[in-house]
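K.L.:
Single-letter residue listing:
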Amino acid sequence: MNAARDIVLATRNLRMAFGGLAVFDNLNFELGRGERHAIIGPNGAGKTTFVSLVTGLLTPISGDVEFNGAAITRLSPQQRVKAGIARTFQINTLFRGLNPLESMVLALCERDGRSGQAVTSVSREKPQIDEALAMLERFGLQEGALTLTDMLPYGQQRLLEVALALALKPQVLLLDEPAAGLSTQQGHELFSQLVELTAGTTILFIEHDMNLVFRYAEKVSVLAAGSMVVQDTPDNVRNHPRVREVYLGV
Amino acid sequence: MTTLDTSAPATGKEAARAKFAGYFVGLSRWKIGEVLFWLALVGAYFVPDMNIILLGHILIWGLFAMSLDLLLGYRGIPSLGHAGFFGIGAYAAGFLGKYGWTEPISGLLFAMAIAGAVGLVTGRFVQRVHGVALLMVTLSLNLILYDAVHRATDVTGGDDGLQGIVIDPVLGLFRFDIFGKTAYWYALIVTFLLFLVARALVKSPFGLSLLGARENTRRMIMLGAPIERDVSFVFAISAALAGAAGALLTQTTQFVAPSALSFDRSADVLVILIIGGTARLYGAFIGAIIFLFMRDWLAALSPVYWYFWIGLLLVIVVSFFRRGVLPTLETLLQRLRAR
Chain A
4 MNAARDIVLA TRNLRMAFGG LAVFDNLNFE LGRGERHAII GPNGAGKTTF VSLVTGLLTP
64 ISGDVEFNGA AITRLSPQQR VKAGIARTFQ INTLFRGLNP LESMVLALCE RDGRSGQAVT
124 SVSREKPQID EALAMLERFG LQEGALTLTD MLPYGQQRLL EVALALALKP QVLLLDEPAA
184 GLSTQQGHEL FSQLVELTAG TTILFIEHDM NLVFRYAEKV SVLAAGSMVV QDTPDNVRNH
244 PRVREVYLGV
Chain B
51 MTTLDTSAPA TGKEAARAKF AGYFVGLSRW KIGEVLFWLA LVGAYFVPDM NIILLGHILI
111 WGLFAMSLDL LLGYRGIPSL GHAGFFGIGA YAAGFLGKYG WTEPISGLLF AMAIAGAVGL
171 VTGRFVQRVH GVALLMVTLS LNLILYDAVH RATDVTGGDD GLQGIVIDPV LGLFRFDIFG
231 KTAYWYALIV TFLLFLVARA LVKSPFGLSL LGARENTRRM IMLGAPIERD VSFVFAISAA
291 LAGAAGALLT QTTQFVAPSA LSFDRSADVL VILIIGGTAR LYGAFIGAII FLFMRDWLAA
351 LSPVYWYFWI GLLLVIVVSF FRRGVLPTLE TLLQRLRAR
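Same order as they appear, the protein sequences are chains A and B. Residue numbering for the first sequence follows my numbering, beginning at 4 and increasing consecutively. Residue numbering for the second sequence follows my numbering, beginning at 51 and increasing consecutively.
Errors might be hidden in some of the hints.
Claimed, not checked - Residues from chain B shown here face chain A by an in silico Cβ test under 10 Å; the list is partial:
1) L258
2) G262
3) R268
4) G274
5) F283
6) D314
7) V354
8) Y357
9) G361
10) E380
11) L382
12) R385
Honestly, the hints are just simulated from the structure, not real lab data. Quantities reported herein were computed from a predicted structural model and do not represent experimental measurements. Think of the CB as a built atom: it goes at the ideal place given N, C-alpha and C, for glycine as much as any other residue.
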């Protein structure tokens, strides 16, 4: 079954440490194209570190990150974005002093290589402005499109966080705890929206709320003690003895 | 007139779209206040008993502060050494005039190119430095440059300044006079043209990505933005504009001394920008008007203690008009209109 899986993103023998503290010893992971894949694990297991290694904000001590079969370990974060990997952050990483419309046009100009244009007004970037409006409408953010991002309700800021990453049309979208800071109900609302909005994009997400994970993920990987303990379907993961051991201590 | 009709969603949506699409057009459209501002600078020349020389200095300081605004206001990079670029432009124009290249416009462009090139290198050098370290690096570069100019008396004339600078009439027609009339028009036209360049830049997609990087560098990286290249570029532009201001000072006074690149000047330009307000270009000019008129007036009252009052003004501005005078005025105006 695995042979038929088209692997878009993988890590090979990834080793990472902060000073003397080893995070991963020998981390191997595979993400199939089109999957909605969750990474779970206890606090401090290195989930966010993993995302940062994949996106290039951190560099591993050894091992490789592969994207579409080629090693991207030495590429800069920007080169990885251009290659098709986008991410969101656990803590809102937005342009607080800009409004969603400006933020979205900015993202699209960066994507389309228009951001070096320093002579004519942004208003001339018609395709990007039109797409930005369509994108904000799709995410239900058009009401506050001209409101300072900082003034938007928190839930809308979480959506904008995803919208900006998705605007890049990535092959793989990494969502670092998209529902962080939301109530359980808001979390479910966000996830059901995300499933619809990100249809067709390969998603790798980190999430603490197990109800969300088992409801929305098609595949689950468990990160514990420096390695991927299990990678399987939600049902199999739920019943896996190692997972029960890691999570419940039984 | 298009009105937003909520009973017909399709039309409402289109109207909303039109409004949003027009947002950027509105941002780059010339406002009446802008037109009045430049007309006032033209008109000021004709006011009887106006101190034209002081007005010319205001333009030069305004241009200089505007160059810092690109860096600090729009990109969020603080510099304590911006006078370095001002001084490079001032000395470049001075050397040209002293050694035979006396045509002012090409001299100005040459000074801008030299300052811009140094800015480009500086930008590459400092792009990985942030916060306090960045302040220290820019300050140090300024001090090194100042000391070099100060000590190289054979070349620069040291404390006595660069003597014997000759500047031809502008376009071969308008000779620089002791009343500062030609100087004022020359400074006004050059400043206005360079303002147009800066204005186009900040309203462009590049300007938007500067703001983005100011707001959140990490997110910009995750949008794939070449933020290092952008820092070098904005440093170069900012330095070139500062160099133009320096060259204007040399050309209009036909003299340049090490004070052109002293730390005091770096501090003053920062004070001007903070007083006026950052990230709106005009804040630089409003700050220059307030600062230079106050300095002129206070120095007449007490030649020794005038900076005390400037310091007090800065404290008041920072305490009560956090974002500077111009943004506060804008907010007041908006509130009045909303009534």
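K.L.:
Give a verdict on every hint.
P.N.:
Here is what the structure says about each hint:
no.: 1; hint: L258; result: 5 Å, holds
no.: 2; hint: G262; result: 5 Å, holds
no.: 3; hint: R268; result: 5 Å, holds
no.: 4; hint: G274; result: 3 Å, holds
no.: 5; hint: F283; result: 8 Å, holds
no.: 6; hint: D314; result: 31 Å, violated
no.: 7; hint: V354; result: 41 Å, violated
no.: 8; hint: Y357; result: 33 Å, violated
no.: 9; hint: G361; result: 29 Å, violated
no.: 10; hint: E380; result: 15 Å, violated
no.: 11; hint: L382; result: 19 Å, violated
no.: 12; hint: R385; result: 17 Å, violated
Violated hints, listed in ascending order, are 6, 7, 8, 9, 10, 11, 12; each of the other numbered hints is respected by the structure.
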